[in-house]
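*Asks:* All chains should be built: construct the whole structure from the sequences, respecting the hints.
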Amino acid sequence: MTIRHLRIFIEVADSGKMSVAASKLFISQPTVSQTIRELEEYYEVLLFERLCKRLHITPEGKKLLSYARKVVKQYDDLEEKMFSISGVNKIYIGATITVGNCLLSNIIQRIKENNPKIEPYAYVNNTSTIEERLLKSELDIALVEGKITNPNLICIPAVDDYLVLVCSKDHIFSKRKEVNLYDLQDMDFVMREKGSGTRQLFEDYLLDNGVTIKTRWETNCPGAMKSAIIEHQCLGVLSVRLVEEEIKNGEMKLISNPEFKWERNFSIVYHKDKIIDKTMEEVIEVIRRYKEIDILEKLY
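Residue numbers 1097 to 1396, in the working numbering, belong to the letters of the sequence shown in order.
It cannot be assumed that every hint is accurate.
[Unchecked claim] Simulated pairs of lysine-lysine, DSS-like, Cα-Cα distance not exceeding 30 Å:
#: 1; residue 1: Lys1374; residue 2: Lys1186
#: 2; residue 1: Lys1232; residue 2: Lys1344
#: 3; residue 1: Lys1344; residue 2: Lys1357
#: 4; residue 1: Lys1344; residue 2: Lys1271
#: 5; residue 1: Lys1166; residue 2: Lys1232
#: 6; residue 1: Lys1368; residue 2: Lys1186
#: 7; residue 1: Lys1159; residue 2: Lys1208
#: 8; residue 1: Lys1374; residue 2: Lys1290
#: 9; residue 1: Lys1370; residue 2: Lys1166
#: 10; residue 1: Lys1158; residue 2: Lys1113
#: 11; residue 1: Lys1169; residue 2: Lys1208
#: 12; residue 1: Lys1370; residue 2: Lys1208
#: 13; residue 1: Lys1271; residue 2: Lys1120
#: 14; residue 1: Lys1169; residue 2: Lys1374
#: 15; residue 1: Lys1177; residue 2: Lys1208
#: 16; residue 1: Lys1120; residue 2: Lys1213
#: 17; residue 1: Lys1120; residue 2: Lys1368
#: 18; residue 1: Lys1349; residue 2: Lys1310
#: 19; residue 1: Lys1149; residue 2: Lys1177
#: 20; residue 1: Lys1344; residue 2: Lys1310
#: 21; residue 1: Lys1213; residue 2: Lys1290
#: 22; residue 1: Lys1310; residue 2: Lys1159
#: 23; residue 1: Lys1368; residue 2: Lys1232
#: 24; residue 1: Lys1368; residue 2: Lys1213
#: 25; residue 1: Lys1344; residue 2: Lys1166
#: 26; residue 1: Lys1213; residue 2: Lys1186
#: 27; residue 1: Lys1344; residue 2: Lys1368
#: 28; residue 1: Lys1290; residue 2: Lys1113
#: 29; residue 1: Lys1177; residue 2: Lys1370
#: 30; residue 1: Lys1169; residue 2: Lys1271
#: 31; residue 1: Lys1159; residue 2: Lys1149
#: 32; residue 1: Lys1273; residue 2: Lys1310
#: 33; residue 1: Lys1208; residue 2: Lys1310
#: 34; residue 1: Lys1159; residue 2: Lys1177
#: 35; residue 1: Lys1120; residue 2: Lys1232
#: 36; residue 1: Lys1232; residue 2: Lys1158
#: 37; residue 1: Lys1232; residue 2: Lys1186
#: 38; residue 1: Lys1186; residue 2: Lys1243
FYI, nobody ran anything at the bench for these hints, they're computed from the structure.
*Replies:* Encoded structure:
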């Protein structure tokens, strides 16, 4: 039995499905199944009951889960302390998908330039998943685009951003001088997946104004969103940072309307009980110093 066994067991217990656990851990489902089987054989207990295509943790499994979380946390703390003795300071940084695509690489590069002894680990997913990992202490800090509602998480607005409505150069809206809110009624859209901060902000706006759209594509990949807009004539709402190049080269058209500019912030998030050590302070300072380039003014 190893720490790896316990990490996989915890993920299966949290997700309730081996396929989901495999996807989150970037391993195969047979590997997950084999790991759970090895644990059950090692402890000679049944950890999960398989009912209606879902896993239900047994009382014995719950006991192991409680111990496993503590053991894994202590192991991670041990690793962190020992690496700090050798001069390497590991930090686990989360980012939502928009942030991961347009800012994260540059931020990590600046962190390394400022202090070569900091060794960042990056994890990219949507807002709800990042929030979950922060609560489980699987991430030290994150930069997110969505709303954080859990009272156990500190949320500090840090970087300005805008969402904009775009279409392809061949879309019926591309030649119109004016497009109003109610022109969007029943139009085909590509949308981010549920749990995305970008999607939540736009859906709240539509709901407040009583407008219904048709979601024809749903994806967590900005590249796939762009393809749906350019090649399949969908409308889309994305961070202006993600579509600057396509607007400049003429592949996309920014739909000009003051109502279709949604201001927001990318926020620094960490657990309220997290100890803000020197490494955390340096990472926070790099993010805070990330200067906003007013892309929107250049494109309108």
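*Asks:* Now tell me, hint by hint, if it's right for this structure.
*Replies:* A quick look at each hint next to the structure:
1. Lys1374 x Lys1186: holds (12 Å)
2. Lys1232 x Lys1344: violated (42 Å)
3. Lys1344 x Lys1357: holds (18 Å)
4. Lys1344 x Lys1271: holds (16 Å)
5. Lys1166 x Lys1232: Satisfied, since the Cα-Cα distance of roughly 11 Å is no more than 30 Å.
6. Lys1368 x Lys1186: holds (20 Å)
7. Lys1159 x Lys1208: violated (41 Å)
8. Lys1374 x Lys1290: violated (35 Å)
9. Lys1370 x Lys1166: OK: Lys1370 and Lys1166 at ~16 Å, within 30 Å.
10. Lys1158 x Lys1113: Holds, because 16 Å separates the two Cα atoms, which is no more than 30 Å.
11. Lys1169 x Lys1208: holds (26 Å)
12. Lys1370 x Lys1208: holds (22 Å)
13. Lys1271 x Lys1120: Between Lys1271 and Lys1120 the Cα gap is close to 43 Å, so the pair fails against 30 Å, i.e. violated.
14. Lys1169 x Lys1374: holds (20 Å)
15. Lys1177 x Lys1208: holds (20 Å)
16. Lys1120 x Lys1213: OK: Lys1120 and Lys1213 at ~28 Å, within 30 Å.
17. Lys1120 x Lys1368: holds (25 Å)
18. Lys1349 x Lys1310: holds (20 Å)
19. Lys1149 x Lys1177: violated (41 Å)
20. Lys1344 x Lys1310: holds (27 Å)
21. Lys1213 x Lys1290: violated (37 Å)
22. Lys1310 x Lys1159: Violated: Lys1310 and Lys1159 sit about 46 Å apart, past 30 Å.
23. Lys1368 x Lys1232: Holds, at about 12 Å.
24. Lys1368 x Lys1213: It holds: about 25 Å lies between the C-alpha atoms, which stays within 30 Å.
25. Lys1344 x Lys1166: violated (52 Å)
26. Lys1213 x Lys1186: holds (9 Å)
27. Lys1344 x Lys1368: Since the Cα atoms of Lys1344 and Lys1368 sit roughly 42 Å apart, the hinted pair is violated (cutoff 30 Å).
28. Lys1290 x Lys1113: holds (19 Å)
29. Lys1177 x Lys1370: Holds, at roughly 15 Å.
30. Lys1169 x Lys1271: violated (57 Å)
31. Lys1159 x Lys1149: holds (23 Å)
32. Lys1273 x Lys1310: The given pair, whose Cα atoms are some 23 Å apart, holds under the 30 Å limit.
33. Lys1208 x Lys1310: Status violated; Cα separation ~44 Å.
34. Lys1159 x Lys1177: holds (28 Å)
35. Lys1120 x Lys1232: holds (14 Å)
36. Lys1232 x Lys1158: holds (16 Å)
37. Lys1232 x Lys1186: holds (17 Å)
38. Lys1186 x Lys1243: Judged against 30 Å, a Cα distance of about 27 Å means the pair holds.
Violated hints for the displayed structure, listed by number in ascending order: 2, 7, 8, 13, 19, 21, 22, 25, 27, 30, 33.
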